[in-house]
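**Student:** Next come the chains, spelled out residue by residue.
Protein chains: 4
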Amino acid sequence: MTIRRGATQFSETAPASLRARLATEYATARRASEALAQPLAVDDYGLQAMPEVSPAKWHLAHTTWFFETFLLKPYRTGYQVFNPQFEYLFNSYYNQVGAQFPRPRRGLLSRPTVEEVFQYRAHVDAALAALLADAPEPQWPEIAARVTLGCQHEEQHQELFLTDIKYNLSVNPLQPAYRADLPSSARDGGGASGWIEQPGGIQEIGHDGAGFAFDNEGPRHRVLLPDYALAARLVTNGEYLAFIEAGGYRNPEFWLADGWRVAQECGWQAPLYWQQVDGRWRLFTLAGLRPVNEQEPVCHVSFYEADAYARWAGARLPTETEWETLVRRAAVRGNLRESGYLHPCPARDGSAQWFGDVWEWTASSYAPYPGYRPPAGALGEYNGKFMVNQMVLRGGSCVTPAGHIRSSYRNFFYPADRWQFSGLRLAQDR
Amino acid sequence: MTIRRGATQFSETAPASLRARLATEYATARRASEALAQPLAVDDYGLQAMPEVSPAKWHLAHTTWFFETFLLKPYRTGYQVFNPQFEYLFNSYYNQVGAQFPRPRRGLLSRPTVEEVFQYRAHVDAALAALLADAPEPQWPEIAARVTLGCQHEEQHQELFLTDIKYNLSVNPLQPAYRADLPSSARDGGGASGWIEQPGGIQEIGHDGAGFAFDNEGPRHRVLLPDYALAARLVTNGEYLAFIEAGGYRNPEFWLADGWRVAQECGWQAPLYWQQVDGRWRLFTLAGLRPVNEQEPVCHVSFYEADAYARWAGARLPTETEWETLVRRAAVRGNLRESGYLHPCPARDGSAQWFGDVWEWTASSYAPYPGYRPPAGALGEYNGKFMVNQMVLRGGSCVTPAGHIRSSYRNFFYPADRWQFSGLRLAQDR
Amino acid sequence: MTIRRGATQFSETAPASLRARLATEYATARRASEALAQPLAVDDYGLQAMPEVSPAKWHLAHTTWFFETFLLKPYRTGYQVFNPQFEYLFNSYYNQVGAQFPRPRRGLLSRPTVEEVFQYRAHVDAALAALLADAPEPQWPEIAARVTLGCQHEEQHQELFLTDIKYNLSVNPLQPAYRADLPSSARDGGGASGWIEQPGGIQEIGHDGAGFAFDNEGPRHRVLLPDYALAARLVTNGEYLAFIEAGGYRNPEFWLADGWRVAQECGWQAPLYWQQVDGRWRLFTLAGLRPVNEQEPVCHVSFYEADAYARWAGARLPTETEWETLVRRAAVRGNLRESGYLHPCPARDGSAQWFGDVWEWTASSYAPYPGYRPPAGALGEYNGKFMVNQMVLRGGSCVTPAGHIRSSYRNFFYPADRWQFSGLRLAQDR
Amino acid sequence: MTIRRGATQFSETAPASLRARLATEYATARRASEALAQPLAVDDYGLQAMPEVSPAKWHLAHTTWFFETFLLKPYRTGYQVFNPQFEYLFNSYYNQVGAQFPRPRRGLLSRPTVEEVFQYRAHVDAALAALLADAPEPQWPEIAARVTLGCQHEEQHQELFLTDIKYNLSVNPLQPAYRADLPSSARDGGGASGWIEQPGGIQEIGHDGAGFAFDNEGPRHRVLLPDYALAARLVTNGEYLAFIEAGGYRNPEFWLADGWRVAQECGWQAPLYWQQVDGRWRLFTLAGLRPVNEQEPVCHVSFYEADAYARWAGARLPTETEWETLVRRAAVRGNLRESGYLHPCPARDGSAQWFGDVWEWTASSYAPYPGYRPPAGALGEYNGKFMVNQMVLRGGSCVTPAGHIRSSYRNFFYPADRWQFSGLRLAQDR
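Residue numbers (the working numbering), protein chains in the order written: chain A, 1 to 430; chain B, 1 to 430; chain C, 1 to 430; chain D, 1 to 430.
Treat the hints with care, since some could be wrong.
In silico SDA-like links for lysine to any residue, alpha-carbon gap of 25 angstroms or less [stated by the list, open to error]:
no., chain 1, residue 1, chain 2, residue 2
1, B, LYS73, C, ARG333
2, B, LYS73, B, PRO138
3, D, LYS385, A, GLN390
4, D, LYS385, A, LEU241
5, B, LYS73, B, ALA376
6, D, LYS73, A, ALA246
7, D, LYS385, A, LEU174
8, B, LYS73, B, SER33
9, B, LYS73, B, ARG31
10, D, LYS385, A, GLN269
11, B, LYS73, A, ALA313
12, D, LYS385, A, ARG316
13, D, LYS385, A, ALA246
Quick caveat, the hints were computed from the structure, so don't treat them as lab data.
Throw the hints in and build the complete structure from the sequences for me.
**Tutor:** The following block contains the structure:
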């Protein structure tokens, strides 16, 4: 993880204002996590309904572990760890830190209790505040960079917190809502259904160095693109229903071989969370069961389904370079977490839905950009070691914090994954 | 399930005193379950660390479901179910009642919350109290019989509650105690190590009709036994350690073929809950980790281990008829739940340890007694349909309620099961 | 394995005639195995369509290994093993001999080739003939006992050879016949459908010491039986079809819980090898596909299906002691391998079908008789270590050699096994 | 599958010479397959030691099925299929043709026998010869294109035939050689160990239209490359041994996360086929066990191992565009199948080992080139539907027919696959 808002900025002497600003950023990120936990019953915090998701409690503890491990232990003289066994329990995947409690068993940890996890958070918060206030100048740049990274990390887990709790609640036949009070995007719409054209040529993609970015967003580099067009909005539930009704899930013709196999083995008939009751489609949301709104972007489809839909529709998925080229000058605006829906919404007139609503599957497998090197040490495990077998998604979703997304942001999941807020946009050669 | 304390007794007109007595029995059973739950954090109630165990919350709800399903729905006019979906969620295995939520997924039900489950209990308790007070005479005998059965059922789940929470907590690297305040059986002892001789001949076994018994304890019938002897006490940890140290877990010679396969696949090296730290054996108990006390009966061994130990020791396991023949006139006395240890204790002088401490594996597979017929209806599924592939255990354990055990009681588990409080006593031909 | 035709007989000086007789027995057994292999193509010998079955080639090699391991290596001075690696490749389950090539992978051994296996057989046959001619007197009793056991062992594998090749060919969509020329049991019949009554009392069962028996058939011992009756013939396909048509495979009411689970997981709808084509039932036989003959005994059902059928029919399965008590004085006569059908036949008038046709599932789990001790050494692994989790079958089948079966013979398989020629006879309490 | 040697050429009237040339090509391809089968015993043809490999017999039948399905059925009037069930048995993955016998069970088909498969081949060969002689002019271009494709397909299966038989024989503890008479590449060498430099810029890759190519090799298109260098030869066993000895298989630091997980689960300690006996490394070859020659290219490593090695060595894997750019003007020359080693050889002086020896894992995931469209119909399933989750390999191996490989050829396997003749070459940024 190279932090690009970086070397220059943080290597100067840290004025008090800078320390204060970072302390505020830290507190903001931490409080946001806790606010997301508020609607839960204590009973809900430990749920882990499949190996890929984590319990709510684990997210709250792991993000705390991150600050303890990468800031307090190395930089805070005399820091007393809250519980030495937490190093093992809440390490996600950093082999250079040490062994990890097996991921599929995270739901079996009733202890520490929720209350103890919140005490853990408070313990670390207090020590981190002191560190930000007292850290000696020579260490400040590295500390500041790592605190910034820790806040970004916390935001990523906020998104996962929502994504995972949705899945964890969904398997309960009572289908409990995370928040029954969420607004409904009753708004009609659907938006322009045309194409945005882009002539080919050499383009430059990757993070340009202003503000924070993850290491995997760089190095910035030139790419050669053909002529192409991207759809002016996301694919909707209504459009996807047409695919279902045309036999999309019964006909291997449109599918990648691996996708067809998974679809058969898992019995896929529709996106995750869709259920047909008395001939009418409903879907499970963070607000509980709702009728399928045909204007909304389709969500919770795997890469395989997105790819099959695109082929059936006579199109294809965009590559990540095509996507970034068109989006890099667009304002970061859309149905992100702060809009409060926590669910995709129909496109408003004029909105291309570049940001928010659903993560857009691309045709690009997740690979290093030319010249990419992961940073040294355990933090080098943050992104680099996952660069195989996964596909890139772009644009953020309705559960992504608004300050967290940008045009160069590369999310990545396995092609069979469906529990993310993932949808698609069509592309075509020109 | 035939309830033998039965037809005669309950078919008389039910005097108020009888109704009151049953109401007291009911309340006693129900409060006992709740008392067992008291040491738990809310976080603990949902744990299910393997498919064979159930969450604490599930036990509390399922026993309530039993009364609702078999008493309130059929007999209580105008009864309003607490939640119609609970019929599905908390049905254990009664196909004639309906479909069941998959057992391995019980740990995924964060809702109903613990609080709601206690509300469910209160709702059913109130209705059942009213039923006991008001039930019309003609229905009384059947109602009384079913309430008695429900109380016995609740007691069985109290034992499972403790057995399961022990397992569920054990997988947590923090190794939390269920109750750190449990007394330690520091007492030395070990008891007589001789044999109790029994000449062969025709004996009668099975429940004799006085007091409650489960249907699988009858019909009472005659059996022909050879001359034999049973050990005067249970096998101890010290004796079992000698088996371990003699290579018992490395040498297939003493093992049944199926047992050896399981032992290899699961990597068994010692009883469940034993761990060797710095060359010293410790075991996980409901009070947390403790050193292995060599005088205590060995516990948490599978049938396969019990059988291999016996063969290594030049003996064998008793059959259930051999056991019952010797025990049927013994008083029900021993280290049962009420003694408060919740852990096996060394034999006191003169104690044969027939009851309590550990369930004793027998050489008998669980099969119907001659002439056995399960009762009609869903309650016929209580015991009969499990009469294959399991082995009989006798005598109760340190977590069995004292009023629940008797010499004709037949417990049954699969030969690979180790999470019950199961141990062994040796037998020999004479 | 204690060989009861035994000590006395073989401890005398072995006259040449005794040696000659044993040499003939040996040659007969060996040639019979080879005759069974004759209809196979070389391509067929290596098939292993599930872990429980063995390739034809493996049976031919393993029986040879048995003589090499237990006779030639210990008793034949200067014996040169055919190939030292065969000790590992063709050891079935004798831990005291050494490690074993994993059973589920036996089908992956294209070498030794079929031709080499026949050379191996010839090599061992020659050495064994020499041993029988030359063995010094003091060793003769043990050698004679082991050769006898080896011949019985060879006969057991002849039955498995046919049972396994049937399964192995059945999975091929071409459904090739093992021998298309087998006679069809066109004969009608069905036989008496009444009951054979037996009053209760003390009986004696187990092998009585005359002639060969396996160790698990003894010790002979007394048992106490209730009044009971056994059906006068086997359950037929026609009777079983009524069970199917009455929803026997859709209704858990008649099933043991473990059986119902297996039936659902495996999708059982009928006995193994049955298939419904255009509304008509056909079954796969060693002669290929044939219509279901309603008069034939039902075959290839598991214990679970046999038990469910019996319960549905208002009866139960016999215990093995009930069966042996009624059969022990019956002549060994019936549709055994030598009758040449290799398929069950309708009962002739007057035939109780005690022997042959199908192995009869009993209600008895496979356990040691009182006082049973396995012999010392590796041969003690022959039978004893399997005495758990399996059910006893009695009477032999249409693929059992006529000289191999007797009333005390105890076969044993897991309750879910269906590829044996297994059927059932009803029993009732009286 | 678009056949690029194509439209123009074949749309002309087919002169007799063209027909004759194609008939010769066909016969050559077919006889080559049969020659490869020659060293096998009949016993070997049915082996399938893991789901990913196919039996030798299946390859011989499937390639025949290809001609029958795509040539004879549509184009040969009055053609009688050899056996209608073969359409199902020998269809590999063409959903548009129909259902397929399950791939993991191909080893269970003892019928058709080897002899019958050769009869099937002769039957199809005769009909195809007639088709080539008689086909009406209007159909000729399509027929010629498909016969060419069928021959290329046959060549691909020739390589798989060798790759698969190596794996299938390797699991036998007897470790039989496919051909004990193969020459040993005793030759020392190793070749230049320097770098070949390539300045960045726009390049053109993909098949240029001359001669046959598979559809996935096009469209030819421009790419923008950075400055880079490729190693002047393949990585050797000696170099890879240094990685092993430096703890490469014990240290997750160098590994992709997915790769490390697979390596742990499968217990990888060295390349496939390596075994350490008495401290010395040996490897299984098509000629049986041989000592590891440190000069030979390392072979039978997965993408994960190749990638980890490269990272450990301070380098990376080449992208497929980097590879093709450097190789496209090189002559197709190297240790290919015709050299007769069937095993990688040390680099000769001056040889860059671009072609032959081992397939070179690239850093490129297998994806469609810009503008790629699979052909219509079942033949469109040939390549396109596999374009996810796999990595591209380049250059051919010691078991690739010399006429089959070219610089634009894209092979693809899953990153965990090791049974292909796969190795690596290093790359570096400049």
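**Student:** Looking back at the numbered hints, which does the structure fail to meet, lowest number first?
**Tutor:** 1, 6, 7, 11
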